[in-house]
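Next come the chains, spelled out residue by residue.
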Amino acid sequence: MIPLTDSQVTRDGKALILAMDHGLEHGPSADFSSVPDTLNPEKIFETATHDAVTCLAVQKGVAETYYPSYDDDVNLLAKLNGTSNLWMGEPYSPKNWTVDYAAELGADAVGYTVYSGSNHETKMYEDFRDVQERAHREYDMPVVMWSYPRGQGLKNDTKESTIAYATRIALEIGADMAKVKYPGSRESMEWAVKSAADMPVVMSGGSKTSDYDFLSSVEAVMDAGGAGLAVGRNVWQRDDPEAILDALEKVIFEDATADETLE
Amino acid sequence: MIPLTDSQVTRDGKALILAMDHGLEHGPSADFSSVPDTLNPEKIFETATHDAVTCLAVQKGVAETYYPSYDDDVNLLAKLNGTSNLWMGEPYSPKNWTVDYAAELGADAVGYTVYSGSNHETKMYEDFRDVQERAHREYDMPVVMWSYPRGQGLKNDTKESTIAYATRIALEIGADMAKVKYPGSRESMEWAVKSAADMPVVMSGGSKTSDYDFLSSVEAVMDAGGAGLAVGRNVWQRDDPEAILDALEKVIFEDATADETLE
Amino acid sequence: MIPLTDSQVTRDGKALILAMDHGLEHGPSADFSSVPDTLNPEKIFETATHDAVTCLAVQKGVAETYYPSYDDDVNLLAKLNGTSNLWMGEPYSPKNWTVDYAAELGADAVGYTVYSGSNHETKMYEDFRDVQERAHREYDMPVVMWSYPRGQGLKNDTKESTIAYATRIALEIGADMAKVKYPGSRESMEWAVKSAADMPVVMSGGSKTSDYDFLSSVEAVMDAGGAGLAVGRNVWQRDDPEAILDALEKVIFEDATADETLE
Amino acid sequence: MIPLTDSQVTRDGKALILAMDHGLEHGPSADFSSVPDTLNPEKIFETATHDAVTCLAVQKGVAETYYPSYDDDVNLLAKLNGTSNLWMGEPYSPKNWTVDYAAELGADAVGYTVYSGSNHETKMYEDFRDVQERAHREYDMPVVMWSYPRGQGLKNDTKESTIAYATRIALEIGADMAKVKYPGSRESMEWAVKSAADMPVVMSGGSKTSDYDFLSSVEAVMDAGGAGLAVGRNVWQRDDPEAILDALEKVIFEDATADETLE
Amino acid sequence: MIPLTDSQVTRDGKALILAMDHGLEHGPSADFSSVPDTLNPEKIFETATHDAVTCLAVQKGVAETYYPSYDDDVNLLAKLNGTSNLWMGEPYSPKNWTVDYAAELGADAVGYTVYSGSNHETKMYEDFRDVQERAHREYDMPVVMWSYPRGQGLKNDTKESTIAYATRIALEIGADMAKVKYPGSRESMEWAVKSAADMPVVMSGGSKTSDYDFLSSVEAVMDAGGAGLAVGRNVWQRDDPEAILDALEKVIFEDATADETLE
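As they're listed, the protein sequences go chains A, B, C, D and E.
So the first sequence is numbered by the numbering used here: it starts at 1 and just counts up by one.
So the second sequence is numbered by the numbering used here: it starts at 1 and just counts up by one.
So the third sequence is numbered by the numbering used here: it starts at 1 and just counts up by one.
So the fourth sequence is numbered by the numbering used here: it starts at 1 and just counts up by one.
So the fifth sequence is numbered by the numbering used here: it starts at 1 and just counts up by one.
Rather than coming from a laboratory, the hints here were simulated on the basis of the structure.
Any given hint might turn out to be false.
[Unchecked claim] Facing chain A, a subset of chain B residues (Cβ under 8 Å, in silico): (1) 126; (2) 133; (3) 152.
For clarity, every value in this text was computed on a predicted model and none was experimentally measured.
Even for Gly, the Cβ is constructed at its ideal location relative to N, Cα and C.
Given only the sequences and the hints, what does the whole structure look like? Please build it.
What follows is the structure in structure tokens.
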């Protein structure tokens, strides 16, 4: 584990990762129809300059084209793998971007999805190994694992034991931070955080919910010892992304409760 | 994304790509029986010297043999993968030509088909990654993606959301231009173009249609913000390829309507 | 395409390739029981010294052992892949010999079987790519494709459209010569030759037939613009291989008809 | 076979390997719910400083983070492969850690699980080959095989012939020590030890059992000529890991019986 | 084909290969229960010092540990692949040992099993290619093929045409010697030997039989032009391996009949 620093993914040990690879994962018509201007990555990069955001996670094509104009103001979390939702079969996410090229483009950290529980799990672990060792050994670059148990053998992928397993796997096979789904309660999140020992854990933002529900779950994550949040649609699908980022800043970095923040 | 220049695939930001790999993709008896002389690639290279044509897309064997005589007059878009239609199974297109050899033969850009939605999608993304990174990092050579969602999970492969997904995937995983099927209306094409943000999108010409229908769809593409056309049979299956290229030149580069052009 | 020269596979642009890898492809008991002495490759190498023969196609083990004694008198066409007929499943032919080692042993050209239409077609194209690029780029060595459409989706593998597809595929993916089955008529062979544009096409000799039938089909191939013949059993399964080679020399290199030759 | 030395896995030719990769193999909720503090690898590293322990086996992420503080006091057995229990299919364990990186982090030896009998056996043997040759040839580092026959064709994986097969396979394909399950009796263990010839064999500790049952099986292993024990849960799931390590030290290194030890 | 020399696998062009990898292929309980002391490879190495034995075939782990003490007295035939009999599916044998490492350990030749007829045949041919070319080109080391047709499509794997096919395949794809099963008669063995042309053929010893039956089959092999025998269980499962080796020496190297030998 490489200790995360402020110049990379965290600030004061906490993280607010803004993510935008939904065009690849879900398609423009699914996630952007209500916010079509957001299809332009510049809008997202602008949003990512908000003080609360510790880094921005995007795919290679987007980074190649738009990051050069923002490299002073945004930390880049290079999301190396990703896939469309058009095909069928056991979950697997191909590597679309090499660590070397991510480093060349100025990435501060790399992100990689691992679907433990998929019948392709073993292949994904080996893919992850290559990424992790390359990032650590060649570039001292931290690796954030999107740790999402999923596949034929897994029905409920957010139950407590699954999310704890997800953070533990990330620790054991060498991630520097795990991004996991919210297991439904502060207690379950605590168990997941404890299972990760010293490795920081962030919650995945998921689909858009009400301000209160969203901020309350973030509050619970912080209370449970979590390191913060990785969020996409819950920010940029809103009419006022700035406002929700202001609120998140309070909950994540200033120990505010959801109630206090929304007052 | 590498900005396309006039010496490669576009002129004034617009493209008319002449394509001829139908002998491989469909076979000589399917596409050339009405125009047997066109089986000789020299005829196609001659056609490609037309002013309207910004580049010619062919497979390796054809380029190796005939391009040396035309490298002053034709820009070469090296189509790196391709397959016959003789076999069965989920769509996949093998790499028949390396980026290195394409560069050595003088290619100005490379082209690569990706069948998102195929159960081999993940393999194709990884193939594409290798091609894209090699072309960009070693040769500053742009990559045009034939972005064709297709496979077990996809029934209608030209509906609006599919074509928009196709252009978005191309942007996210690092293409410099996407070639997609026409989604049936100007409005749908606009959504596809918007989904690609700053990456240019060209329409795939498809099988031969009437002059009016063909030029009208090209007009709609240009109106929708598209960058032009990649065309094969709709040019070289005609008795007078010159005439249709003259007409396409007007619609693509001179903002003429189909009606004006055919007057 | 590398222009073939007399020192390699052709003479005056025409070819008579003697082939002997039937021990691998069909087994000794199937093809050699009537001519057991021919199991000794020396007999074949002796036969290949006949003036009519432009090169000899054998597998690695045979070339390694016997070619050193004949390298002044025989051009070696290194047949790089091959398989037994003992197993089941979609056609595929593994690479048993690298281009580098073939070059080291003095090969003048390499040969490679491609089963387009097999559900392993895409893998075979990629295998072929490696061979072709290595041979062309490192050794300026021509590549002859045994282009044999075959597999689950192909019932009649000698119909006109299939054989024309076979020669076209060879041209498009970079062969310097195609070896195909006889499509049954001079007209069909003409279409196959035309589909190959400037790439020479030779007929595959097939199983042993009568002198007249055999020479007539060769005559038809030459009339159709073919470059000659690749033959195995139709020569060395005969009592007098010399005699049939004398006859073939007349038909292929001296424009004689089958009738004239057999008078 | 590399003779094991005191600085690596054994002391006086005997071994007590403490293992903790259960968070990966079984998940935190399965194995750590009764001993949650043990989720912190520091607790395990502390335990491993006990005199009886000859080395500690952990996965990469744990070693990367915690081993640097303990490299003077603990010998590191880098467990290179491992998988979750979330997926379905024939057993296979992916390589999560390269030999090179293990050596770089100061590993004294490497460990690798091989599931002979799995329909992926052949792939695992080839994975093992790479690990073994890299470790032996580049680093003079011994390789401990977790030799666990398992898969579609194997019902009872602890019967005498299976465990003897397990140790023999380890010897034949190049392990320096085998870790196998207890075959149920001293006699069976003797046959397994004899099958390994000069290669040391240790028993795998398994799930937690009573002190007496556990120590008795270790006593039987030592009597059978075994080299010792690799143990995880049977130590760190106990309230007092120190006490059981004291007892194991007597049985393994001081020839005490279970009865004597528990008196 | 590399001509075999006395220092490697043959003496006076004849071979008596002692083989012991049955612990891997069949397991200790299957083949060693009647001769448990033979589990110690030292016993086998001692036996291999008998004058009649031209080389000893063992797996990597056994060679690594025991060969250094015998390298003056025993020629090592490094058996590079092998598998257990615990799993299910089409025959395949993984490479457990690289040519480079075999050469480094002093191997005089390498051995490789190929299951032609298996649905994995094509993969095995490619594995064999790598081994053969590495051995020949880098080390001038001969390659003995265990040529064992086997798989879904093959019922009787010792019939005449199958064994002749087996020797021919070995010749064609580049073996320097073939080890095949006895096809049941001298006549069938003659056909197999003839099919191999100049490449020497040895019979595989098989499971233990009576002295007379065993020696008679060896006599038939020698009469048929075979080069000798590769034998394991038929030697070391006997009470007096020396005696049978003395007898084999007479039949193989001194042209004695089975009757003469047993008088």
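These are the hints, each one checked on the structure:
1. Residue-level restraint check for residue 126 of chain B holds (minimum Cβ-Cβ distance to chain A is 5 Å; threshold 8 Å).
2. For the restraint placing residue 133 of chain B at the interface with chain A, the shortest Cβ-Cβ distance is roughly 5 Å, inside the 8 Å limit, so the hint holds.
3. At about 6 Å, the closest approach between the beta carbon of residue 152 of chain B and any beta carbon in chain A falls short of 8 Å, and the interface hint on this residue holds.
Of the numbered hints stated above, none is contradicted by the structure.
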